[in-house]
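Based on these hints, arrange chains R, F and S on the given structure of chain X.
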Amino acid sequence: MDLTFSESEEQFRSEVREWLTVNVPKPALPSGDTAPGFALHLEWERKLFDARYSVVSWPSDLGGRDATLWEWLIFEEEYWLANAPQRVTQNGIFLLAPTIFEFGTAEQQRRLLPKMASGEHTWCQGWSEPNAGSDLAGISSRAVRDASAGGWRLAGQKTWTTRGAFCTHLFGLFRTEPEAAASGSRPGRHHSMTYFLVELDQPGVTVRGVERLDGDLGFAEVFFDDVFVPDDMVLGGVNEGWSVAMATTGSERGLTLRSPGRFLATAQRLIELCKERIASGGARDQAVQDRIVQAWIDAEAYRWQTFGTVTRLVDGAKSGAESSMVKLFWSELDVRLQELALELLGPHAELIDGDFAHWMKAYEFALAGPIYAGTNEIQRNVVAERVLGLPRK
Amino acid sequence: MDLTFSESEEQFRSEVREWLTVNVPKPALPSGDTAPGFALHLEWERKLFDARYSVVSWPSDLGGRDATLWEWLIFEEEYWLANAPQRVTQNGIFLLAPTIFEFGTAEQQRRLLPKMASGEHTWCQGWSEPNAGSDLAGISSRAVRDASAGGWRLAGQKTWTTRGAFCTHLFGLFRTEPEAAASGSRPGRHHSMTYFLVELDQPGVTVRGVERLDGDLGFAEVFFDDVFVPDDMVLGGVNEGWSVAMATTGSERGLTLRSPGRFLATAQRLIELCKERIASGGARDQAVQDRIVQAWIDAEAYRWQTFGTVTRLVDGAKSGAESSMVKLFWSELDVRLQELALELLGPHAELIDGDFAHWMKAYEFALAGPIYAGTNEIQRNVVAERVLGLPRK
Amino acid sequence: MRFEFSQEQFQFRDAVRDVLAKTCQPGDVREAWNNQTGRAPSAWAALHDMGVLAMLAPTEAGGLGLTELDIVLILEETGRCALPEPIVETALIAAPEGWVNGTDSASVSLPESPFGVWTDTCASVVTLTADGVRVAPRESVRLTQRESVDGARRLFAIDMGSTAPIAPVTSTALAFRRGVLGTSAQLLGLADRMIEMTVDYVKEREQFGVKIGTFQAVKHHLANARTKLEFARPLTYRAAASLASRDALASQHVSMAKVQSSDAASLAARVALQCHGAIGYTTECDLHLFMKRSWALERAWGAANWHRRMIAQSLFERL
Amino acid sequence: MRFEFSQEQFQFRDAVRDVLAKTCQPGDVREAWNNQTGRAPSAWAALHDMGVLAMLAPTEAGGLGLTELDIVLILEETGRCALPEPIVETALIAAPEGWVNGTDSASVSLPESPFGVWTDTCASVVTLTADGVRVAPRESVRLTQRESVDGARRLFAIDMGSTAPIAPVTSTALAFRRGVLGTSAQLLGLADRMIEMTVDYVKEREQFGVKIGTFQAVKHHLANARTKLEFARPLTYRAAASLASRDALASQHVSMAKVQSSDAASLAARVALQCHGAIGYTTECDLHLFMKRSWALERAWGAANWHRRMIAQSLFERL
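Residue numbers (numbering that gives the first Met the number 0), protein chains in the order written: chain X, 0 to 392; chain R, 0 to 392; chain F, 0 to 318; chain S, 0 to 318.
None of these hints come from the bench; they were simulated from the model.
Fair warning: there could be bad hints in the mix.
Residues on chain X that point at chain S, a partial pick, calculated with CB under 7 Å [unchecked claim]:
#	residue
1	Glu6
2	Trp79
3	Phe222
4	Ile270
5	Arg379
6	Leu389
Derived contacts from chain R toward chain F, CB cut-off under 8 Å, selection only [said to hold, decoys possible]:
#	residue
7	Met0
8	Glu6
9	Val209
10	Val287
11	Asp289
12	Tyr301
Where is the CB? At the ideal position from N, CA and C, for every residue including glycine.
Chain X extracted, bound-state conformation (with noise of 0.2 Å):
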């Protein structure tokens, strides 16, 4: 066991550090989920990627940096504690890219990745339907073989799509052989789609913006209708689009949708509020002093339970059903966390101008994350049934 950060970690932290404290965008950005504010983030994020900090783990050759996990982790704290924006490119570089380094063919990588970093081309997810939100298996939007076109029509209809209303691009599950599906069998049910990558600047895809809970259009709908996607852009084998998207789901349940940073940070700023509460004249309040430890440990267990993860994924070992069970921690401590914000606000907590406005906002979007990537419910069952054994029925 060694705890210590090497001498080429540390001088990398340094960097990102001096380069972030001059180029983090002071005021913040307003939210990255209406159209001007998104062009904004796409701004951000070219500086990055300029810099190469869009994607630092990332090969060279595409954009990143070939950081190893322990550098991306120290990217992602100074990240957060610096206060830099959310990342609008999110659903690609940490959801989509994987799947494709791990199922894209070298050419597709070639052509695809370098544009995800920079930012020219943005990625949203087409998973949920209206009709399949956990049960993700009971998808109906279909695509039919177009041999002479070589490539396929897709017709359907996705929901939920974060920021789907500003992509340029989608990455989805379509079924290809509707009829293993109508006949209801289990197995035929997940082994009759296929991951498709579509563009949605072309004919028969419509895109109508749905607020959120916070106002912002930061989801969409989005309609298929005889949609046309060349055969280079199906990810995967053809029908295998199940275990495809099941890496991708992986993902966003483990190491990268939410790195510790993220919660470290609140929890520092959460640290912050109180002292500022207290010392602006409001009582000090010993029964929220220690939720409000109890969350800032939560959030230390996270960065520990995560050091001793990409420790072993550095050994070789691969992330398995455990995933459910960082799911669950983040999502709930995020919860957690901006309640006591709110808690410490008081009145003022439901006030979405001045000076405290982000804290509401973080709580409505903290409560999209045990929804959102898998209900909690079903990630509860995950744990019981993968990590501890229980018998499923």
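The following block gives chains R, F and S in isolation, referenced to the frame of chain X:
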């Protein structure tokens, strides 16, 4: 709405309080779940009976005072505030007696109830079996008709029988049409049982005490080997045991088993414990104080929720599935109350000798609350299905 | 002892519920998010016509001379429909004291709830401070608008200028208790509505080939929320009775009511959102109208923590 | 950065686990409830033979000269089997300082943990106080027995008489941190064992015609307990490393470890009992041996609340 007690009710409260002040044993009796303790508790029960306080709500010709439900609640509040002994007769007077009042013949009432009131007969409950706990309909102990002897012959085993090692009688369910159950059909499972009242001191009955969590022989396994029960000890109709028993489990969860007075008194004592700890040099802990306040509010909430229920019962309403919410609430409140005491005691919490020993014992006792009388998981199902109307399957 | 409302009280409650079901539908609340006032004028007019606004005003002033106990169920109904109107401030606080009458409305602010709501369209502005109650016509007061997460709640910081107190500290105390009571009652209605909406939803929504209401996890979430509400209601009703009878412990009783109803609404909102899933996370779903009102009211007039601390003072500090 | 134990550390842990699986079975713990010492002598002898007791003692004193990081997994194992022996006090506190050696054992008391355990059969008695460490042979000390809910924990109030401190306050601090660390590690083992026992049970127990482990409520209880444990372990291992490297923040790190492992064991115990139902509520079921040890250790060496308050002081009080 009228939130005052009448003059005669206040008069009753004063009389009860006065009598308890003079008569409650000091120091407190030892646990009633040991043989010598049980004997001392029976003396106390006799004293209550002689003063006509053992079953205040019963008709006076059966040993009671014809007390109203309001007077009964007042009695309970005073009883627990006075720190009077646990009622070792409770399973008889609170669980069986309401069933006898509802389903028993006039002859059975006259024959059985006065001896229950005086403590001459003490009753334990024979519901659970090794393979039928939460799933009460899964019992397999059986009764076979012996027409020539004018009764039934019992065989099988009951378990987790509270105070079974000390009681004179058992009430319980036995299968009277075993083939209906074996067929496995759900109606069959529920409609082939009969409710029997069994004298334990007779050939064929074997009682084995089982240590509870706190080390007392509070449970028993009761084995029946060709045990005779005469016809006049069948309660309700033959094969109608399930609906008769459901009336009893209703009482168990509802009004009678755990009256609010018990938790109000515990909350009071918790506040006093907290003050004592501070007075004897302990630090004031706002966080723990807040949680004690919450527990006290919850006890008050239970009191007023009960007042509402009693008002409606007096108006002629029947108690329904709401009783499952009551059981959920008091059983979890009880655990919280005792946990808070242990938290105040810190490293002294583990002691089972000395001044604080009763708190650990009470904690162990409270831990049974979410398990018995239908686990809280089952109660939540009941609330969801019968109060909220969610679908069973 | 009789802890239940009278038939008349229930009947009036039902009549108000019927009227609000027509005049304050979710569409009307959405309308309040977008119109210039944040309010629902036809609901307000209907409440006035039914005499609700004047229920607590003395009969000599043309009121009905009724008590907190008579109005508490009505206020619960205004929570159930997320009524975007200053009903608590008007019917429970200002009208009984004669600070407003007719269809006029009042806005109230105080240290624990520093922003007035709908102040710009109220006739009277009331502030509760440690040295007494100040009342002023809206025109004489300087308002600074603030924005609430609940788009129907038009918030204003209030500058009363040099207005002197018109009522003593005892009036501050009574007004405060009434405000806490009314807010508690609204939170009960909100909690009940969110549970009801969610029950309806999980009975219809299917995933994995079954209604999601058949999953034990969903059942248990909702059972917990319903149980919490079951043990919040009685303390609010009891607090209403204590205020009506000017019970010496009324202050403690309203604090208990606010603690319990805030926590019940908070849990109901969490459970409702979680059981609705992503659908509840959009503003197209009505849930958010009720959830955001809850978030605001849980913390208005003293959050649960604040009231627990008040009770702790009486239970612990005076050793 | 490498946050994982070495192969050697895992192998030694496995070897100790195997030995304890033979010498400290539930039957041995039950035996300790009933024998005259509360202890499990063959397990103790085995641990001595394996060198565990001397792991942290300096090599010049015949020890192995290892660190807290080398022993923390071993201590977790002693929790897993509810070992009724003063292993934390002996191997982690007294042996490294030379206050005991060989198979001799030590008993330790301090303000946050005022009773010694198994003191009457220990060679040395240690007290940690604000002015330093006192050490005395058992014979010179007056003991008053107290009774613990955990029948294997023979508790004693200790009167050291006029013994003077033999080691300075810095030693008190180190001994305290080691005691907290060791107790945290034992709590992890206890939590793990209770979850494991319960998983085994719910896979076998049938009600309503199915294994109760198929019920979502049971699954979710156990998933919550397992998740809590997952995020307790790393903080204990990190605290061990901090002690081993004499990190300046080691005190905070051991406090974090104790908070998290106490809460994890507390939840595991509640969940285990609830999922066992009435069967777990009898002393015939082994669960109670582990549950009662947890109840004691959660509050020994500073309960979670106490340690949270310590951390709060460093995070908040120094504004």
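Hint-by-hint comparison with the structure:
1. Glu6: Check failed: Cβ of glutamate 6 of chain X comes no nearer than 12 Å to chain S, outside 7 Å.
2. Trp79: violated, 19 Å
3. Phe222: Constraint on phenylalanine 222 of chain X not satisfied, violated at 35 Å.
4. Ile270: Status holds, d = 6 Å.
5. Arg379: Because about 4 Å separates arginine 379 of chain X from the closest Cβ in chain S, which is inside the 7 Å limit, the hint holds.
6. Leu389: For leucine 389 of chain X, the interface hint holds, since the closest Cβ of chain S sits about 4 Å away, which is under 7 Å.
7. Met0: holds, 5 Å
8. Glu6: At 12 Å from the nearest chain F Cβ, glutamate 6 of chain R fails the 8 Å test, so the hint is violated.
9. Val209: Interface hint status for valine 209 of chain R: violated (30 Å vs cutoff 8 Å).
10. Val287: Status violated, d = 10 Å.
11. Asp289: This hint holds: aspartate 289 of chain R lies near chain F, its Cβ roughly 5 Å from the closest one there, short of 8 Å.
12. Tyr301: holds, 7 Å
Consistency with the previously given hints fails for numbers 1, 2, 3, 8, 9, 10, ordered from lowest to highest.
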